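Asks: Chains A and B, in that order, give the protein sequences.
When the letters of the first sequence are read in order and numbered with our numbering, they come out as residues 1 to 292.
When the letters of the second sequence are read in order and numbered with our numbering, they come out as residues 1 to 342.
Honestly, I wouldn't trust all of these hints.
[Stated by the list, open to error] When the alpha-carbon atoms are kept at most 25 Å apart in a straight line, the in silico SDA-like pairs for lysine to any residue are as follows: (1) B:Lys-336 / A:Tyr-288; (2) A:Lys-56 / A:Glu-35; (3) B:Lys-169 / A:Tyr-288.
[As the list claims (entries may be wrong)] Under 7 Å between C-beta atoms, here's a sample of chain B residues computed to sit facing chain A: (4) Tyr-90; (5) Glu-131; (6) Leu-135; (7) Lys-169; (8) Lys-172; (9) Trp-260; (10) Ile-294; (11) Gly-298.
Note that these hints are calculated values from the structure, not bench results.
The structure displayed is predicted, hence computed values, not measured ones.
Backbone N, C-alpha and C define an ideal beta-carbon position, used for all residues, glycine too.
So you can see what is in the structure, the chains are spelled out below.
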Amino acid sequence: MSIHVQKKLWAVILSNTLSSESEWLEQRSQSTVMELMTGFVAAPRFLRKTIIQTKKNESAEEFPSPEEISVTDWSLVRLCRVWLLLKLEELDPKHFKQNIETLFDTAEINELVALYSALPVLSSPEQWLFRATDAVRSNMGLVFDAIALRNPYPSKYFSDQAWNQLVLKTIFNDKPIHLIMGLDRRKNEALAHILSDFAHERWAAGRVVAPEVWRLTGPYMNEKLLQDMKALFASSSADNHRAAALACGESTFPPALALLEEHPELAIQIKTGTLNWSDIEFKELNTYVPQP
Amino acid sequence: MCLNPNESTPNPSHFEDSDQQIANPAHRELAWEDYRELIKDMKFFDPHIHMVSRTTDDYQAMRQSGIIALIEPAFWLGQPRTGLSSFKDYYSSLVGWERFRSSQFGIKHYCTMGLNSREANNEPLAEQVMEILPLYIYKEGVVGVGEIGFDDQTAAEEKYFRLQLELAKKAKLPVQIHTPHRDKKNGTERSMAIALEHGLDPSWVIVDHNNEETVKSVLDQGFYAAFTIYPFTKMGNERMVKVVEQYGPERIMVNSAADWGISDPLAIPKTAALMKMRGISAETIRMVTYQNAIDAFGKSGQIDVSDFGSDQSGEGIDKFHGNSILRGGQQLNPSKESLVIQ
């Protein structure tokens, strides 16, 4: 556990709580393990249901960096629960693993969200690898989101196989992959090729694929993916054209580069930096809705 | 579980011992489709329904009929449980998977936690359940201890009923009391007497599954009286209308207790339509199908009506919980009439 992160989280908490709330947290964190764990569970009974603000004023203490833990748009309860988990470790390091397992085994949805959010800042984070992959298996949307989106844990600790499952399930669930941390760094050839198969299944079903997913393919371009790029350019969607152009532009496969040159306007936009992946990052996907 | 050696029905549900026949339902002339217009602007709260045994079709139909929030009491399994893990997984599902399933349809899901009276009869297991129950009752969205009370009215049932009343008091939670199917009147009186003996405020106690014979005493003693509209059995909704006409709306609430038996998740909207037809005021209907349940279980501090799905049409449900949680653009209300499945 990082004392450092714990202090930064406390700074965020102080800038978002009433004194009665921070006092309750301090009191719970300094009592017994059982009180603290019950506090983790009962937090919504003592804290307001509100979304935290992470804009700092100048005098504010240092807040955690997104690479440590990303608290953007969290509820106050989620934030405080993560902090309580760090205090739980401090209070009884010897039984910490067992206590966390108990909390996992009996957790409701929002508790699971807090537990998975805390994984990157617990000590020996790799010991929670199985739990983390279990969250990817979860069909509870909020639980899946807690591990998959804006969480630095998977990119740091997942195997390629587990990572690819996470990315594919995010795509399958119609969620925006650009919210996955480390997406670019963990690109790999296997994922690019599975993605091509996935797109073919979707197209066969008369459904679409979110354009930004092709950002995973550029460096692995081959004859098969090239055909996909052609299909994208041939589609009626301007965003698909942009996706294909960007993917080809990131490739070293000569036929892909040649294909890009057939679309000079897009090629220029890429060269001048006026087109990049962030232009086709959408949050509302709805790729399952039949297209006209 | 049922340890009554004389119990012959393998899977008795809420009202297993009806002596009425399932065939020949009355009033076929009143078709639900013809009367649902009457309630099109109403919203409903079902304070007792076992969604783990219901399908997504039910969820859709409920939402389309105006049910925007519900309470799922902890129930029994329908067959004996073989260990503590079965309870843990069930309790977790009430605050996990089922809560999520419900949210997909824009219905806010609450629950009550408890050891069911039938299952209290397996004492070695009941003992272990009591140890883990405190882990669950403080959870967000747990609005009471329930459904607890008597089934066979055994000594074991009484023991765990009393222990759970104490737990509710400690946790400052309302209590949802299941009253027995057999020897109902005595069982109901006994449940209330024990609750009072433990010092519970009757306005924190919801006595469930009432009928014409039990309601007066329940109301007179200051308890909430819940009525379960369950087809072919104890309480039909026409009789419910008469009860409301006689006693008024105060501290009365209607529920479906729909479960894995033949039951109706639309019992509340149907009863509301019937009340409307029979000239009961909109305000009274609102009290017994919505507000009273919120007032009673809201004492837990866990009900916030701003969390309820507010959009009657069921549109925009994917934004429920402030998050897009449906799998993709899954259509919310695929037409049941269409031959084509997309």
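Asks: All the hints need checking, so say for each whether the structure fits it.
Replies: Hints versus structure:
1. B:Lys-336 / A:Tyr-288: With a Cα-Cα distance of about 18 Å, the restraint between Lys-336 of chain B and Tyr-288 of chain A holds, given a limit of 25 Å.
2. A:Lys-56 / A:Glu-35: violated, 32 Å
3. B:Lys-169 / A:Tyr-288: The given pair, whose Cα atoms are some 49 Å apart, is violated under the 25 Å limit.
4. Tyr-90: Check failed: Cβ of Tyr-90 of chain B comes no nearer than 12 Å to chain A, outside 7 Å.
5. Glu-131: violated, 12 Å
6. Leu-135: holds, 5 Å
7. Lys-169: violated, 16 Å
8. Lys-172: violated, 9 Å
9. Trp-260: At about 22 Å, which exceeds the 7 Å cut-off, the nearest Cβ of chain A leaves the hint on Trp-260 of chain B violated.
10. Ile-294: violated, 17 Å
11. Gly-298: violated, 13 Å
Hint compliance for this structure: hints 2, 3, 4, 5, 7, 8, 9, 10 and 11 are broken, all remaining hints hold.
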